[in-house]
Amino acid sequence: MYDIEKVREDFPILKRVVNGKPLAYLDNAATSQKPRKVLDALTGYYEQHNANVKRGVHRLSEEATAAYEEAREKVARFLGAPDARGLIFTRGTTESINLVAYAWGRKLLREGDEVVLTETEHHSNLVPWQLAAQVTGAKLRFIPIREDGTLDMDEAERLIGPRTKLVGCVHASNVLATVNQVERLAEMAHEAGALMLVDGAQSAPHLPVDVGRLGCDFFAASGHKMLGPTGVGVLWGRPEVLEEMDPFLGGGEMIREVHLDHSTWNDIPYKFEAGTMNVAQAVGLGAASDYLEELGMQNVREHEKRIGEYAYHRLSEVEDITIYGPEENRTGVVSFTLPDIHPHDLAQLLDEDGIAIRSGHHCCQPLMRRLGVPATARASFYLYNTEEEVDRLVEAVEKAREFFGAFAS
Amino acid sequence: MMRDLYGQVIMDHYKRPRNRGEIEGADLEEHLLNPLCGDEVTIYARFDGDKLADVKFTGRGCSISQASASMMTERLSGKSREEAEAEVKGFKKMMTGEQEFPETDDLVALKGVIQYPSRIRCATLAWDAFQNGLGIDQ
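Residue numbers (the working numbering), protein chains in the order written: chain P, 2 to 410; chain F, -14 to 123.
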């Protein structure tokens, strides 16, 4: 039994009052709030163990190194990675994908090669590939979406072929609430001899993820969207693929031997972790993985599916509303527009009632163009949101419509 | 607070924008996008000698950006180039709090925006576009 009240107790910030109203935090696709367990892990690390990792023989350095490596093991286990050697700490999904685009893409892409992405990608899984394509002469191709926001898999079949070197796809869309069939895309990619990269920024926090079962070669995620601190994320890569790649950033710790004119590289994953990493944040992310595992990702998924569907249906009752994405099999994201209120104005009016939603293009400008809107409003739910908060959202949206309607054009 | 931000004047300009439309063969035509939210405006102006004979705008976006554009076109029509420059600079100073809003002025309707730093760019979008169009560094 999922005890929502007990879960909410774990998040100190949920007691905040905004504009005289209890905070309803519905901007989880942007970033999540943090449970006490994660906050304690951060302060505990700084109060008890802080030292630079892998550089000292003194006690604290040993402890800090152990805590950092333990966090790696935890996150690897959380993502179903068979081997923690493939788990690289980064700043977040954006850096993870850039790492692949630089260290794999720039080394191995050639003129005439193709990288197949989708129309729904976040800028973070698009712009790094545009940069890599400019340098290498590789081409980008895009799998389109159907009217309901799901990927056109027939078109995917047609696009993925002998020229394809990598297929990159967002696992769960931060706008459409879709869960893409990345397992199927991974099969297609491998049949074509290409690699598969999954952008898991919106899936790792919300769905049970097993990188082995997905069949991907790279999986990127952000800590701050999955209850962890900002400044830390991960790239999981298949060790054989990581071995082939050049380093991303050069500096301390990623080397084995350094001469004035050349260097040799450390083993994976350290080859990709140059300089002093965000150690405390990694420890915090380890604690977040523990917290999510204790709740059970299947329970989290079921709770969010329920809340997301409830929100979808309640919002559908609002006159003239457009909700994007499919009706079924949704995540806890609900993007919508109203004809007479710009999303920015709506978000501002909702803030008056202590309700935090996002408005804008959600870092998906090509998708916005495809949908034919400059921006949408987006409510995104997480494991601590309640049906009562959905009701407050709907009520506030109705109120905003009345307010704007009062100034008839 | 809602009424502070979305007062009668702003809502009136938003719902009944003044000088909305293109100017064929305009002397000044400048498009500007706010990448944060996707709001956009294009400002058109026709000069008669040194005087702004006509100022118009098109665009789409939130009430603040569109109302501010509408207010700006009213404000600048009939002004000399130098006066218009001074108006734009003055307005931007008001929006950054460096200069007071004159209480008797229509523009004071936008004063509430200052409390919401993320929305200031909405209010200055049209003014920035016009300034770019004049070829002035911001």
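Since the hints were made in silico from the structure, they are not lab data.
Nothing here was measured: the structure is a model prediction, and the numbers come from that model.
Think of the CB as a built atom: it goes at the ideal place given N, C-alpha and C, for glycine as much as any other residue.
Incorrect hints may have been included.
What the hints assert, rightly or not - Pair ranges (Cβ atoms, derived):
#1 F:G75 x P:R37: 46 to 52 angstroms
#2 P:K16 x F:E9: 56 to 62 angstroms
#3 F:K36 x P:R159: 56 to 62 angstroms
#4 F:E14 x P:E399: 39 to 45 angstroms
#5 F:K36 x P:R107: 43 to 49 angstroms
#6 P:E48 x F:R45: 50 to 56 angstroms
#7 P:E318 x F:D12: 48 to 54 angstroms
#8 P:E10 x F:E70: 54 to 60 angstroms
#9 F:E9 x P:P13: 36 to 42 angstroms
#10 F:R45 x P:G113: 38 to 44 angstroms
#11 F:Y101 x P:E329: 36 to 42 angstroms
#12 F:E9 x P:E188: 53 to 59 angstroms
#13 P:G373 x F:K0: 18 to 24 angstroms
Going down the list of hints, with the structure as the test:
G75 (chain F) and R37 (chain P) have their C-beta atoms about 50 angstroms apart, which keeps the hinted 46 to 52 angstroms range intact. The supplied range of 56 to 62 angstroms is met by K16 (chain P) and E9 (chain F), whose beta-carbon atoms lie about 59 angstroms from each other. For K36 (chain F) and R159 (chain P), the Cβ-Cβ distance of about 60 angstroms falls inside the hinted range of 56 to 62 angstroms, so the restraint holds. With their beta carbons about 40 angstroms apart, E14 (chain F) and E399 (chain P) fall inside the hinted range of 39 to 45 angstroms.
Taking 43 to 49 angstroms as the suggested C-beta distance range, the pair K36 (chain F) and R107 (chain P) does not conform, at roughly 55 angstroms. At roughly 52 angstroms, the beta-carbon separation of E48 (chain P) and R45 (chain F) lies within the given 50 to 56 angstroms, and the hint holds. The supplied range of 48 to 54 angstroms is met by E318 (chain P) and D12 (chain F), whose beta-carbon atoms lie about 50 angstroms from each other. Our hint of 54 to 60 angstroms for E10 (chain P) and E70 (chain F) holds, since their Cβ atoms are close to 58 angstroms apart.
Taking 36 to 42 angstroms as the suggested C-beta distance range, the pair E9 (chain F) and P13 (chain P) does not conform, at roughly 60 angstroms. The given range of 38 to 44 angstroms is respected by R45 (chain F) and G113 (chain P), whose C-beta atoms sit roughly 40 angstroms from each other. Between Y101 (chain F) and E329 (chain P) the beta carbons are some 37 angstroms apart, a value that agrees with the proposed interval 36 to 42 angstroms. One distance hint, 53 to 59 angstroms for the beta-carbon pair E9 (chain F) and E188 (chain P), holds here, with the actual separation near 56 angstroms.
Between G373 (chain P) and K0 (chain F) the beta carbons are some 23 angstroms apart, a value that agrees with the proposed interval 18 to 24 angstroms.
Hint violations for this structure: numbers 5 and 9, all remaining hints satisfied.
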